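*Asks:* Chain by chain, the residues run as shown.
There are 2 protein chains.
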Amino acid sequence: MIATANNLTKQEVQGNLLSPLPVALVGAQVNNKPNYLVIGYICPFNFGKHIFFSLYNVRYTRKGIHDNMTFSVNIPSENLIKETELCGTKSGRDIDKSALFDTFYGELKTAPMISQCPINIECEVTEILDYNPNEGIIGRVVKSYADPQYLTEGKLDWRKIHPILWVTGGDYNFYKLGERIIQKKD
Amino acid sequence: MIATANNLTKQEVQGNLLSPLPVALVGAQVNNKPNYLVIGYICPFNFGKHIFFSLYNVRYTRKGIHDNMTFSVNIPSENLIKETELCGTKSGRDIDKSALFDTFYGELKTAPMISQCPINIECEVTEILDYNPNEGIIGRVVKSYADPQYLTEGKLDWRKIHPILWVTGGDYNFYKLGERIIQKKD
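Which chain is which? The protein sequence lines are E and G, in order.
For any residue, its number in the numbering used here is found by taking its place in the first sequence, counting from 1, and adding 14.
For any residue, its number in the numbering used here is found by taking its place in the second sequence, counting from 1, and adding 14.
No lab work stands behind these hints: they were computed from the structure.
The structure displayed is predicted, hence computed values, not measured ones.
Backbone N, C-alpha and C define an ideal beta-carbon position, used for all residues, glycine too.
There's no promise every hint is true.
Here are the simulated EDC-like pairs of lysine to aspartate or glutamate, each with C-alpha atoms no more than 16 Å apart in a straight line [as the list claims (entries may be wrong)]:
hint : chain 1 : residue 1 : chain 2 : residue 2
1    : G       : LYS47     : G       : ASP144
2    : E       : LYS63     : G       : GLU193
3    : E       : LYS63     : G       : GLU26
4    : G       : LYS157    : G       : ASP110
5    : G       : LYS169    : E       : GLU138
6    : E       : LYS77     : E       : GLU26
7    : G       : LYS190    : E       : GLU193
8    : E       : LYS157    : G       : GLU26
9    : G       : LYS63     : E       : GLU26
10   : E       : LYS174    : G       : ASP185
11   : E       : LYS169    : G       : GLU121
12   : E       : LYS190    : G       : ASP144
Derived list of chain G stretches under chain E, where covered just means 3 residues or more per stretch with a C-beta under 8 Å from a C-beta of chain E [stated by the list, open to error]:
hint : stretch
13   : 22 to 31
14   : 37 to 48
15   : 74 to 84
16   : 106 to 113
17   : 142 to 154
Derived CB-CB ranges, DEER-like [stated by the list, open to error]:
hint : chain 1 : residue 1 : chain 2 : residue 2 : range
18   : G       : ASP108    : E       : ASN146    : 24 to 34 Å
19   : E       : ILE142    : G       : PRO162    : 38 to 48 Å
20   : E       : VAL139    : G       : GLY29     : 45 to 55 Å
21   : G       : GLU121    : E       : TYR70     : 36 to 46 Å
22   : G       : LYS190    : E       : ASN46     : 23 to 33 Å
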């Protein structure tokens, strides 16, 4: 225990405490077939012109990212929770994940994207950081897409998207996005 | 517009589409005084043993991080929304942000942490990536702390923490964490 000001005490806690993050399905072309992997540690970088994520280096998708130096980021809605959980628990070595979704391609021909996800981002790898047993993958955003039904006046409306938020620090559950804290901007 | 399977169409959208992320207050010792900066693009890396975040290189806090090669990550609760907004709109060049919070230190003596935040993480910089005009800062987690009142059976309980979620793709509002999608784990 560390005593701090105002009679607060702090307790050391093990494991990741930085949560929640949006669940993303990262796509890559592995052995000429689309594969999708669940990534929990991902964020924008450089004003959103790049994306960073943490990739466990035993993942099947790694080969596709290294071979093609491209990947996609797909944000699933809550209604894709079963497919998302399946992608997160089974490896592309064992099941054909391309059968779970309809795939489309944008400008890059090796970054498969999921039609059913409201948001899709195609990226070109700029750097791979080796933090064994994980890699930090950095990609430049080439193009981003959304279904028109999720836009309000041309802008994404997250109240329509229903993203899946993953709490990996503590309870490992999936949560919904809640209400706005301040109703200041529409 | 790109037509995909099942009569879905996709529209190209500009700007960051990867949201929401938890708002973090990153702390550093700048000119021997604690300073705190709002960071919106941050995630765990390497199973949570490291943290990655995107830092705009004109920020006042940058000097402290470069000088000491340490920083802290503090997760504010919703009740700190005013202080958080102030930290996000004013520079440490113009106001003394150390007066907004009570500061404590852990193992590192140059990573100031905020008593009032339920979660605090002290980090040692392992790498700085130059993606001008932003830097990717990677830190090794040295120790993590939480207030005992936010734990349930020794684990963080995010329903007690009330983190501030920031949607920067689209509407730029702050949101609450919502309900659990599946009530499977406690």
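*Asks:* Each of the hints needs a verdict: does it hold here or not?
*Replies:* Consistency of the hints with the structure:
1. G:LYS47 - G:ASP144: 26 Å, violated
2. E:LYS63 - G:GLU193: Roughly 31 Å between the alpha carbons, so the hint for E:LYS63 and G:GLU193 is violated.
3. E:LYS63 - G:GLU26: Roughly 15 Å separates the two Cα atoms, so the pair holds.
4. G:LYS157 - G:ASP110: Given that 16 Å is the threshold and the Cα spacing comes to 26 Å, the pair is violated.
5. G:LYS169 - E:GLU138: The given pair, whose Cα atoms are some 38 Å apart, is violated under the 16 Å limit.
6. E:LYS77 - E:GLU26: With a Cα-Cα distance of about 38 Å, the restraint between E:LYS77 and E:GLU26 is violated, given a limit of 16 Å.
7. G:LYS190 - E:GLU193: 5 Å, holds
8. E:LYS157 - G:GLU26: 7 Å, holds
9. G:LYS63 - E:GLU26: 15 Å, holds
10. E:LYS174 - G:ASP185: 12 Å, holds
11. E:LYS169 - G:GLU121: Distance ~44 Å between E:LYS169 and G:GLU121 Cα, so the pair is violated.
12. E:LYS190 - G:ASP144: 35 Å, violated
13. 22 to 31: Coverage by chain E holds here, the residue count being 10 at a Cβ distance below 8 Å.
14. 37 to 48: violated (count 1)
15. 74 to 84: violated (count 0)
16. 106 to 113: violated (count 0)
17. 142 to 154: holds (count 6)
18. G:ASP108 - E:ASN146: 24 to 34 Å: 43 Å, violated
19. E:ILE142 - G:PRO162: 38 to 48 Å: 40 Å, holds
20. E:VAL139 - G:GLY29: 45 to 55 Å: Hint violated: Cβ distance 21 Å, outside 45 to 55 Å.
21. G:GLU121 - E:TYR70: 36 to 46 Å: 28 Å, violated
22. G:LYS190 - E:ASN46: 23 to 33 Å: Taking Cβ atoms as reference, G:LYS190 and E:ASN46 lie about 44 Å apart, which means the hint is violated.
In the structure shown, a violation is registered for the earlier hints numbered 1, 2, 4, 5, 6, 11, 12, 14, 15, 16, 18, 20, 21, 22, in ascending order.
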